[in-house]
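K.L.:
Chains B and G, in that order, are what the protein sequence lines are. For the first sequence, UniProt numbering begins at 1 and goes up steadily by one. For the second sequence, UniProt numbering begins at 1 and goes up steadily by one.
Certain hints may be false.
Because identical chains cannot be distinguished in the list, a pair is counted as satisfied if it fits within a single copy or across any two copies.
Said to hold, decoys possible - The calculated DMTMM-like cross-link candidates involving lysine to aspartate or glutamate, where the alpha carbons are at most 25 angstroms apart (straight line), are:
#1 Lys349 with Glu98
#2 Lys333 with Glu129
#3 Lys270 with Asp153
#4 Lys177 with Asp480
#5 Lys177 with Glu84
#6 Lys270 with Glu159
#7 Lys83 with Glu418
#8 Lys316 with Glu418
Worth flagging that the hints you see were computed from the coordinates, not collected in a lab.
There are 2 protein chains.
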Amino acid sequence: MADRRRLLSEWIQAVGMRSLRKTVLLAIVASVVLVVALLHSWPTRAYTTVDVWQRPGPAVERHLEERFPEPDHRSANIPYRVKESIAGLLARNGCVCEGESGGMNLPFAQLLFPRVSAHPMHTAFEASELEEMKKRRAKEYQGFQMRSQTPADMLIVAEANNPLQYPTQGMEVRPLKTILIPGLAVQDHPKELYTVNFTSTLGTLNVAAEVEGVKVKGDGEMHMTLTSSLLSNLNRQLQFVTYTNTLFHPSTADTVQFETEGHQAMFTIKVRHGVTPKLYNTGPKGEYNISALVTIATKTFMRYDKLQGLIDSVRKYYSTVTIVIADDSENPKTVSGPYIEHYIMPFGKGWFAGRNLAVSQVTTKYVLWVDDDFIFTANTKLEKLVDVLERTTLDLVGGAVREATGYTATYRQTISIEPGEEEGDCLHMRRGFHHIIQGFPNCVVTDGVINFFLARTDKIQQVGFDPRLARVAHLEFFIDGLGSLHVGSCDDVIVNHATKIKLPWVSQSESDKTYAKFRYPPASSDATHTKNGLLYFKNRFQCLTHN
Amino acid sequence: MADRRRLLSEWIQAVGMRSLRKTVLLAIVASVVLVVALLHSWPTRAYTTVDVWQRPGPAVERHLEERFPEPDHRSANIPYRVKESIAGLLARNGCVCEGESGGMNLPFAQLLFPRVSAHPMHTAFEASELEEMKKRRAKEYQGFQMRSQTPADMLIVAEANNPLQYPTQGMEVRPLKTILIPGLAVQDHPKELYTVNFTSTLGTLNVAAEVEGVKVKGDGEMHMTLTSSLLSNLNRQLQFVTYTNTLFHPSTADTVQFETEGHQAMFTIKVRHGVTPKLYNTGPKGEYNISALVTIATKTFMRYDKLQGLIDSVRKYYSTVTIVIADDSENPKTVSGPYIEHYIMPFGKGWFAGRNLAVSQVTTKYVLWVDDDFIFTANTKLEKLVDVLERTTLDLVGGAVREATGYTATYRQTISIEPGEEEGDCLHMRRGFHHIIQGFPNCVVTDGVINFFLARTDKIQQVGFDPRLARVAHLEFFIDGLGSLHVGSCDDVIVNHATKIKLPWVSQSESDKTYAKFRYPPASSDATHTKNGLLYFKNRFQCLTHN
Numbered sequence: 001m002a003d004r005r006r007l008l009s010e011w012i013q014a015v016g017m018r019s020l021r022k023t024v025l026l027a028i029v030a031s032v033v034l035v036v037a038l039l040h041s042w043p044t045r046a047y048t049t050v051d052v053w054q055r056p057g058p059a060v061e062r063h064l065e066e067r068f069p070e071p072d073h074r075s076a077n078i079p080y081r082v083k084e085s086i087a088g089l090l091a092r093n094g095c096v097c098e099g100e101s102g103g104m105n106l107p108f109a110q111l112l113f114p115r116v117s118a119h120p121m122h123t124a125f126e127a128s129e130l131e132e133m134k135k136r137r138a139k140e141y142q143g144f145q146m147r148s149q150t151p152a153d154m155l156i157v158a159e160a161n162n163p164l165q166y167p168t169q170g171m172e173v174r175p176l177k178t179i180l181i182p183g184l185a186v187q188d189h190p191k192e193l194y195t196v197n198f199t200s201t202l203g204t205l206n207v208a209a210e211v212e213g214v215k216v217k218g219d220g221e222m223h224m225t226l227t228s229s230l231l232s233n234l235n236r237q238l239q240f241v242t243y244t245n246t247l248f249h250p251s252t253a254d255t256v257q258f259e260t261e262g263h264q265a266m267f268t269i270k271v272r273h274g275v276t277p278k279l280y281n282t283g284p285k286g287e288y289n290i291s292a293l294v295t296i297a298t299k300t301f302m303r304y305d306k307l308q309g310l311i312d313s314v315r316k317y318y319s320t321v322t323i324v325i326a327d328d329s330e331n332p333k334t335v336s337g338p339y340i341e342h343y344i345m346p347f348g349k350g351w352f353a354g355r356n357l358a359v360s361q362v363t364t365k366y367v368l369w370v371d372d373d374f375i376f377t378a379n380t381k382l383e384k385l386v387d388v389l390e391r392t393t394l395d396l397v398g399g400a401v402r403e404a405t406g407y408t409a410t411y412r413q414t415i416s417i418e419p420g421e422e423e424g425d426c427l428h429m430r431r432g433f434h435h436i437i438q439g440f441p442n443c444v445v446t447d448g449v450i451n452f453f454l455a456r457t458d459k460i461q462q463v464g465f466d467p468r469l470a471r472v473a474h475l476e477f478f479i480d481g482l483g484s485l486h487v488g489s490c491d492d493v494i495v496n497h498a499t500k501i502k503l504p505w506v507s508q509s510e511s512d513k514t515y516a517k518f519r520y521p522p523a524s525s526d527a528t529h530t531k532n533g534l535l536y537f538k539n540r541f542q543c544l545t546h547n
Numbered sequence: 001m002a003d004r005r006r007l008l009s010e011w012i013q014a015v016g017m018r019s020l021r022k023t024v025l026l027a028i029v030a031s032v033v034l035v036v037a038l039l040h041s042w043p044t045r046a047y048t049t050v051d052v053w054q055r056p057g058p059a060v061e062r063h064l065e066e067r068f069p070e071p072d073h074r075s076a077n078i079p080y081r082v083k084e085s086i087a088g089l090l091a092r093n094g095c096v097c098e099g100e101s102g103g104m105n106l107p108f109a110q111l112l113f114p115r116v117s118a119h120p121m122h123t124a125f126e127a128s129e130l131e132e133m134k135k136r137r138a139k140e141y142q143g144f145q146m147r148s149q150t151p152a153d154m155l156i157v158a159e160a161n162n163p164l165q166y167p168t169q170g171m172e173v174r175p176l177k178t179i180l181i182p183g184l185a186v187q188d189h190p191k192e193l194y195t196v197n198f199t200s201t202l203g204t205l206n207v208a209a210e211v212e213g214v215k216v217k218g219d220g221e222m223h224m225t226l227t228s229s230l231l232s233n234l235n236r237q238l239q240f241v242t243y244t245n246t247l248f249h250p251s252t253a254d255t256v257q258f259e260t261e262g263h264q265a266m267f268t269i270k271v272r273h274g275v276t277p278k279l280y281n282t283g284p285k286g287e288y289n290i291s292a293l294v295t296i297a298t299k300t301f302m303r304y305d306k307l308q309g310l311i312d313s314v315r316k317y318y319s320t321v322t323i324v325i326a327d328d329s330e331n332p333k334t335v336s337g338p339y340i341e342h343y344i345m346p347f348g349k350g351w352f353a354g355r356n357l358a359v360s361q362v363t364t365k366y367v368l369w370v371d372d373d374f375i376f377t378a379n380t381k382l383e384k385l386v387d388v389l390e391r392t393t394l395d396l397v398g399g400a401v402r403e404a405t406g407y408t409a410t411y412r413q414t415i416s417i418e419p420g421e422e423e424g425d426c427l428h429m430r431r432g433f434h435h436i437i438q439g440f441p442n443c444v445v446t447d448g449v450i451n452f453f454l455a456r457t458d459k460i461q462q463v464g465f466d467p468r469l470a471r472v473a474h475l476e477f478f479i480d481g482l483g484s485l486h487v488g489s490c491d492d493v494i495v496n497h498a499t500k501i502k503l504p505w506v507s508q509s510e511s512d513k514t515y516a517k518f519r520y521p522p523a524s525s526d527a528t529h530t531k532n533g534l535l536y537f538k539n540r541f542q543c544l545t546h547n
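Using the sequences and the hints given, assemble the complete structure.
P.N.:
Shown next as structure tokens:
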């Protein structure tokens, strides 16, 4: 028994050792293989790096319109005569800060013939800090330029007699997606071999189908060549060329070079997400439901009597419209009632901060801005303003404000910016408007209006009221809105202004005095937060002219 | 005496009558002439009308990338083989709301191999109101399209072998201003007479100089012709062609046709104000001055203990940074201290309303968003986040939030939108990122991050937090920011999260209970103000897929 056990154990040992070793070996090998297979099949992704550093890019050729092009050798001797009336309209090399000089100095001259005055902005700063401010502004501006310019702004000229046909505008691809490039073709004279090639930088080129008789090289890369001896086959292949964006950026453009022997072309593919809409529910069909469409927004400071006057007058005509009130008074009182939203701010935080706050809370399609001392009357028909915005592409439409004297103002202003160089741009404001709106004879298109207007909520929130403007400010909002807001003004929707006429025998109330102290204060300590300081630093203006 | 008087008076009468008549006549004529002269010289301006009505414009040819171009008669017989790997990447005709089906149903499957699930958005609405919502959304979307599309989006293809040379990209004119059109030329074969003409729609064409030997017709109008027998003279004249915008619009484009016999070309001139910068004062040079550069913003609701915990922890490291607090608690308590700005809102106004309010008050270059239950530690180095935004073109950079368990999250999400048809677009969200940022090995580029991030104030104010989102919401901000915000995420700047772990033996405090009631509420009454309802109506999505 012991023998057999011994022999068995010896045998097991002998066989077992080898098997054990083998098994262990096999197990080890199997595990390794499994792990390798697992690692291999594990969804790995090689993350490439992306360079998003702020560096200077290629200079954009933008100054062509400022001077006449140099003649080349062929045209140097061709005589021409300058047409002053047109040449004078072209932009100068940098703007100059000057108003209109001279003019009559009669009593009502400024009233009848308002002269243009020019105001340099750098005066907001002490001489000692101006140099530093200039440097800082230039540095911030450089960063801004690098973030806002794209290859889609670059000047491209199509060469003449190019056998290449290609798209010059309208191509867009969403980030990291693929599109077919439309409109590509070659119309060359008969040749033995036709070759075209493509070069891109933010993505790769490929073909969605392979056409017989065409050799494709570099598909899936940033440089692709197509060759064929048959022109019609090459052209059929060109209808299947694709572009895939591979270097992520939410809003940029790739410039693609397209070449054939002796000729080249350049075109741009915009790389960006589509514009996602921000739509508002307008309430049930039928007549304009003002409560569903409009929120009234205002800011108040130390004059609850005026504010209550506004609210009471609104409620006479619109009992359920939401009124949003931003309040930075010193000892805030409760303002309550149905559809009233009262927001308390730190004392004296400021005018535009309050405007920005009020507007940030609106959930309806439109917002009506009013000052806290307005009074609604039977002439304050909000339906008319809603009608204008519902039926036109305008973003904001102003009304008219009627003083106690009967004088009614629309305060229409046109605004334009003349580019300058390192000193900054020149801002030009003039009373007036651009055109009358077809179909709305009481309404015009302009750039700035009085502080009584209806606006699309998404647009006004996008532009915003800069909270750095603590006290007196108005047109700064419209300056910030230039290019974004399409502005109109109608003179047949009128709101009354609670009187501001100071009668000499009526003493100012305490709250009036405090109000006046804040409303018309001495200069702030932070120069860049004053109106001119902000125009200088934030918007990069050197000069403001107005009449 | 009486005689002399009588004779005198008779004489006066005789002479006087004629003179009187003459004088009166002269006086009348003189007045008329004066009035006419005055009226004539009075600065009158013929205001033209402008049509800004919302009407359907030319359909934008955008669907080329969705299907293969039809072969014309020449290429119909050329065989080709579809390359599935590429053809499959092209956009389909409308997106389909589907997730990933099948997959393992093991316990940790969703954790290890997260499956993509698809959620239709229309379910936010009762069946009875869905049809009405669809119609209303379509109408609002149509208005949005009319306001946002411009001729600069239109597909233009340059024809081959065109003797015309012309600019295809990069031309801009400020509204109502004039530019020289660069790059124009003709390179035609020898002819007796060379003629080119231009046609524009939003402005007029002219020449800034007149070249000998060239006849100009229609200068100052919307159709201008240049004729010459000498090609080099015509080309010299083409260097002086100008465009003047006359129909005001703050942001549009004019498509100009350029033709010669047998050939034509089209190019676009953008009509828009330049982009006015919004720069911020960064404080004195040297190291990053966090108080001058950053404002901390947060929203609080019914948990002043957590809020005080946040404030105390911030002050350990940044004693003078401004903290802006939006508070919609039921019985607001005073929160005060140096550099603290406390804003009181109507009770329960909402999460995104509060975020929008806080951010609307920031006056520094950057804003740091924190939740009111975060705790700053020695790892919460804001200088690192500022460094990223100062040195790259990113607009927002997220950090990491560390739970009590030690688990640290960056919550990186990539977001893309697949265009759909009338049903709406499809929104795709996936965990992950796009690239690692060169030079910042702990940072990546992505589309959405956790609620701890530093952002450029002007960009975050421009995107905004939609106040219609009252309760649970997070990625909606990043969805609204798609295309505007360039987003990054760094995992080496960490803030702690005050514990949310509900220990079973610790009973919830009253304030915790109220907080929970509002934080995780039942569905709101206005369906378009729920998360899905808003995605459906406001952003026009039909579907959301995510993993």
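K.L.:
Now tell me, hint by hint, if it's right for this structure.
P.N.:
Evaluated hints:
Taking the closest pair of Cα atoms, Lys349 and Glu98 never come within 25 angstroms of each other, the shortest separation being 35 angstroms inside a single copy and 50 angstroms across copies. Taking CA atoms no more than 25 angstroms apart as the test, Lys333 paired with Glu129 passes in neither setting, with 42 angstroms inside one copy and 42 angstroms between copies. In the homo-oligomer, the alpha carbons of Lys270 and Asp153 lie at most 25 angstroms apart both inside one protomer (11 angstroms) and across protomers (10 angstroms), since each shortest distance falls under that limit. Only between protomers do Lys177 and Asp480 lie at most 25 angstroms apart by alpha-carbon distance; the minimum there is 20 angstroms, versus 34 angstroms within a single protomer.
In this assembly of identical chains, the alpha carbons of Lys177 and Glu84 lie at most 25 angstroms apart only when taken from different copies (15 angstroms versus 51 angstroms within one copy). Both within a single protomer and between protomers do Lys270 and Glu159 lie at most 25 angstroms apart by alpha-carbon distance, with minima of 22 angstroms and 21 angstroms respectively. Taking the closest pair of Cα atoms, Lys83 and Glu418 come within 25 angstroms of each other only inside a single copy of the chain (22 angstroms); across copies the shortest separation is 52 angstroms, beyond that limit. In the homo-oligomer, the alpha carbons of Lys316 and Glu418 never lie at most 25 angstroms apart, since the shortest distance is 46 angstroms inside one protomer and 48 angstroms across protomers.
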